[in-house]
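Novice: So the chains spell out like this:
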Amino acid sequence: MADQTAADETAADQSADDQSADEAAATGGLSTAPVEEPETTTAATGSFGGPREPGARGHLAWLGRELLGWARWFWRQLTSMRVALILLFLLALAAIPGSMIPQNNASAVTVEGFKERNPGLSSFYDRLQLFDVYSSVWFSAIYLLLFVSLVGCIIPRSWQFVGQLRGRPPRAPRHLDRMPAYTTWRTEAEPADVLDAAHRQLRRRRFRADLREGGGERGGRAHVAAEKGYLREVGNLVFHLSLVVLLIAFAAGRLYYAEGGKLVVEGYDFTNNLTQYDDFSSGPFYDTDDLGNFSFTLDEFHAEFVRSGPDLGTPSRFDADVSYRTSDGTEHSTTVQVNEPLAIGAERVRLLGHGFAPVVRITDGQGDVAFSGPVPFIPQDQALTSVGVVKVPDYTNPDGEPEQLGFQGFFSPTYNIDEVRGPHSTFPDPDDPVLTLTGYHGDLGMDAGLPQNVYQLDTTNMEQMVDEDTGDLFRFDLRPGESIELPNGMGTLEFEGFERWATFQISTRAGNSWALGGSLAAIAGLAASLLLQRRRVWVRAYPHRDGHTVVEMASLGRTESNRIPEELASLAAALAPAAPMLPADPTLLADTEAGPGSDTSEESAAEGARS
Amino acid sequence: MTLAADEGLADFSNLLIYTAMAVYALTFVAYTAEWIFGSRSRVARTSSALGGAEAGEPGEAAESADVPAQRPAVVVRKGGATSVLDRPKIVTRSTTPERDAVPDGPGAAGGDERGDTFGRIAVSLTTLAFLLHLGGVVARTIAVGRGPWSNMYEFSTAFSMVLVASYLGFLAFRRNVRWLGLPLVTTVLLDLGLAVTVLYNDSTQLVPALDSIWMMIHVPLAIICGALMYVGAVGAVLFLFRDRYEAKLAAGGKPGRFATSVLERLPSSLTLDRFSYRINAAVFPFWTFTIVAGAIWAENAWGRYWGWDPKETWAFITWIVYAIYLHARSTAGWKGRRTAYLCIAGLVCFLINYYGVNIFFDSLHGYGGV
Ligand code: HEM
Chain A
1 MADQTAADET AADQSADDQS ADEAAATGGL STAPVEEPET TTAATGSFGG
51 PREPGARGHL AWLGRELLGW ARWFWRQLTS MRVALILLFL LALAAIPGSM
101 IPQNNASAVT VEGFKERNPG LSSFYDRLQL FDVYSSVWFS AIYLLLFVSL
151 VGCIIPRSWQ FVGQLRGRPP RAPRHLDRMP AYTTWRTEAE PADVLDAAHR
201 QLRRRRFRAD LREGGGERGG RAHVAAEKGY LREVGNLVFH LSLVVLLIAF
251 AAGRLYYAEG GKLVVEGYDF TNNLTQYDDF SSGPFYDTDD LGNFSFTLDE
301 FHAEFVRSGP DLGTPSRFDA DVSYRTSDGT EHSTTVQVNE PLAIGAERVR
351 LLGHGFAPVV RITDGQGDVA FSGPVPFIPQ DQALTSVGVV KVPDYTNPDG
401 EPEQLGFQGF FSPTYNIDEV RGPHSTFPDP DDPVLTLTGY HGDLGMDAGL
451 PQNVYQLDTT NMEQMVDEDT GDLFRFDLRP GESIELPNGM GTLEFEGFER
501 WATFQISTRA GNSWALGGSL AAIAGLAASL LLQRRRVWVR AYPHRDGHTV
551 VEMASLGRTE SNRIPEELAS LAAALAPAAP MLPADPTLLA DTEAGPGSDT
601 SEESAAEGAR S
Chain B
1 MTLAADEGLA DFSNLLIYTA MAVYALTFVA YTAEWIFGSR SRVARTSSAL
51 GGAEAGEPGE AAESADVPAQ RPAVVVRKGG ATSVLDRPKI VTRSTTPERD
101 AVPDGPGAAG GDERGDTFGR IAVSLTTLAF LLHLGGVVAR TIAVGRGPWS
151 NMYEFSTAFS MVLVASYLGF LAFRRNVRWL GLPLVTTVLL DLGLAVTVLY
201 NDSTQLVPAL DSIWMMIHVP LAIICGALMY VGAVGAVLFL FRDRYEAKLA
251 AGGKPGRFAT SVLERLPSSL TLDRFSYRIN AAVFPFWTFT IVAGAIWAEN
301 AWGRYWGWDP KETWAFITWI VYAIYLHARS TAGWKGRRTA YLCIAGLVCF
351 LINYYGVNIF FDSLHGYGGV
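If you read the protein sequences in the order shown, they are chains A and B.
In terms of UniProt numbering, the first sequence has 346 at position 346, counting the first letter as 1, and numbering is strictly consecutive.
In terms of UniProt numbering, the second sequence has 277 at position 277, counting the first letter as 1, and numbering is strictly consecutive.
Everything labelled a hint here was simulated from the structure, so no lab data went into it.
Be aware that a few hints might be false.
[Said to hold, decoys possible] Now the stretches of chain B that chain A is said to cover, found in silico as 3 or more residues with beta-carbon under 8 Å:
| no. | region |
| --- | --- |
| 1 | 33 to 40 |
| 2 | 280 to 294 |
| 3 | 306 to 313 |
This structure is a prediction, so every number in the text was calculated from the model and none was measured.
C-beta: ideal position from N, C-alpha, C; glycine also.
Pulled out of the complex, with its shape left as it was, chain A reads as follows (with noise of 0.2 Å):
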């Protein structure tokens, strides 16, 4: 705090004795870290009313003190080191059963297949928000208070560190040699040389320094006092206001986010409204006016897959050429890749999947063109042996009556049977492409007005088409160009050819920019904090009664760091003109260079002993 300063002046006038208190003071807001409560003032809890007057007043004015104490006690414990380092903890172990269990947010689908599977257990795991452990009440109470302790450790750091920028660096403590690091040695020169010199040395040496006097009256001695490595302490409150700005780039990506998925053959278009989107999902606070004025148009799609080696078939390259037209009405053209997305305004185009689809021409009994077009497979394997459905919704029967076709099937581009899978295919490629079915008429069961999915046949009103000749049913496989006419007159159906279908992501999120500012901030603030050292340095220089100066100089860092004592050591090197060295009594030095501290590692310089 701002008054950090007259505590060290009171430090220093405290008796000799009273050392804690003078070593309190001179490490005192080293670190911004909140000082832990003793345990007697949280034990007092439970009566910070204090003594209740009698009346109603009373009573309330008690019962106010109480409460407000009260507050206060929960506050202090939240905001508490131990609270924090707890609360961490309870978070990492809150996230663990997400990563074991189905989670809905991945897949709905995988948790569904869960439940069926373990009927009794999914009812116990749903009641406790298992399958949605991460916006589960218990996982977010983690965080939330996690980050209400935060903000309450930040915000009473930061005061206290401008407290300290406006301060002047804290006294020596009296015993400089019960610092961390320390040295000392006798010299010649005057003590106010000495004191100049070290002062200039540490401002050079980028120190904040203060040449302070040593007040008759305080009994303390002139010194030298330094502090450096405030960037530290910066970069420690950067690192965790940006974890705040996180988590509020992280909770605006929730509430506002649009992301919807589209399937678009080769020469279609996609025209960004809802209407158009396969699926469609969207946070709370996303309104579907907002969706970008776009379109594009997929030209075409190109894929490549390894043809030779142990990575046969897999992919080695997918690009979607697109050219898309933005609201201002210009017209662009470019290439979407996996991991290149295409952004246009807040919109990012992500390329997902492909897969391709027959294009498929069918003629009616009347011999009039019933359906006509591309209709997109879904793939099942890595071969892209593809599944899919054509329907014929408007069609009229030799009879010349209204009916409804439907044709299922396999699509592989590179064909192959065999007894175990029939139809399938070996490449993904179309080398060999060919579009195998079978067919049904009937009702498709399409006007019921219920939604239905385009990739499935509901057979139950339908009828398998029979070969005329053998009785058998209605199977057949086409290449591209060719055609087959349906049993009893129904027709024809010609495999035309085929072109590529992708799967596009249309998605936007609030808060991204936020959250790539947010988390780099915190890597930068990581390293000064973690990479810098804060610490003090004390030069003291006093005469001694045989004539000689004495100097003095010790310092304190943030962390027991080598590199603390390796910096003092140079401090006193550099200081050693200004001080020459006078030898010391050879009765002491044989003393300490028996001493088991001894060093004789590398850095002895630096390490010296260590008693």
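Please build the complex by placing chain B with the ligand on the supplied structure of chain A, with the hints as guidance.
Specialist: For chain B with the ligand alone, coordinates are given in the frame of chain A:
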């Protein structure tokens, strides 16, 4: 675009890895010999330091030193013929002053000449094995035409390579870390053994979803962070043993002969603790960056930067555990055993994320290729 796999080169890479494993096995023998020969030396420096605790009590020393100027002032360099004045001597104290006096052990060789010879041989062999290992990884990189970390086999070989590189790096910077040699080489042998048997995968292709600049940043960083976290955790484990040993001595107990022989030669608990802390503190910002790079990549590939996929979740858990560790150290003032457990827990989370999630969990990060 990725090049077609060069199978000849890939085979050559495998050959190099197998040769490296053979040399690592020899290295293992040499380090073991160093420890065995070193056990002949009998220098009980620790117990003398702790045994004479009363005399060396720094607090009391300071109490008696009312006039600091009378304390030893100048170091006299022992090598010099006469008393050459050098720099002032720095006296340090830690928060566990009773342990300040404990000197580091002499190292595995324990001052024994034969042991030291074996130790030096072991370091040379480690270097040789590392070069072969590096060659294997580089050959594989060229053979597959992309970063050598796209399946668990490659990840594991790169992981142990970085492990050895960091060890050699410490040695090159004249850190006294030869005591790390035996545990590290043991790990490397296990890791490579697992890699060439269970995890081997000759896949070379990078599916388009993995073909991103962020993968070039995210995965190698994860490997480097993981290897350094491993080194930090080895320091923490050894710290736990050594700390118990010192505590026992300080309490006047007498540890067993084997424990004494081995632990006496390790660095002091203070040194081990700091070693471990420094590594973890330095790695943490990089680990954070690893996660951020992964999030940016996920944003590009899947349209969300964070989706609580098991891999992401465990990276997060690992991160939180290390944050607890750093917090506990720097603010709650925990030192020693409890933080050592936290550091080990952090590494365990990393390993769960790497092996556990790839093998047992249903994750989008399905590049495991087991
Ligand atoms: C969201 C969870 C949090 C994370 C991931 C986190 C992470 C960290 C990290 C990595 C450090 C650096 C450690 C070092 O300087 O050696 C740190 C320091 C610190 N954190 Fe947190 N922290 C979190 C929440 C909190 C909370 C809730 C508080 C307050 C109650 C807090 C207070 C501090 C303090 C006081 C320091 C040390 C400052 C110093 O060394 O001078 N942190 N934190």
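Novice: When the hints from earlier in the document are held up against this structure, which numbers fail?
Specialist: 1
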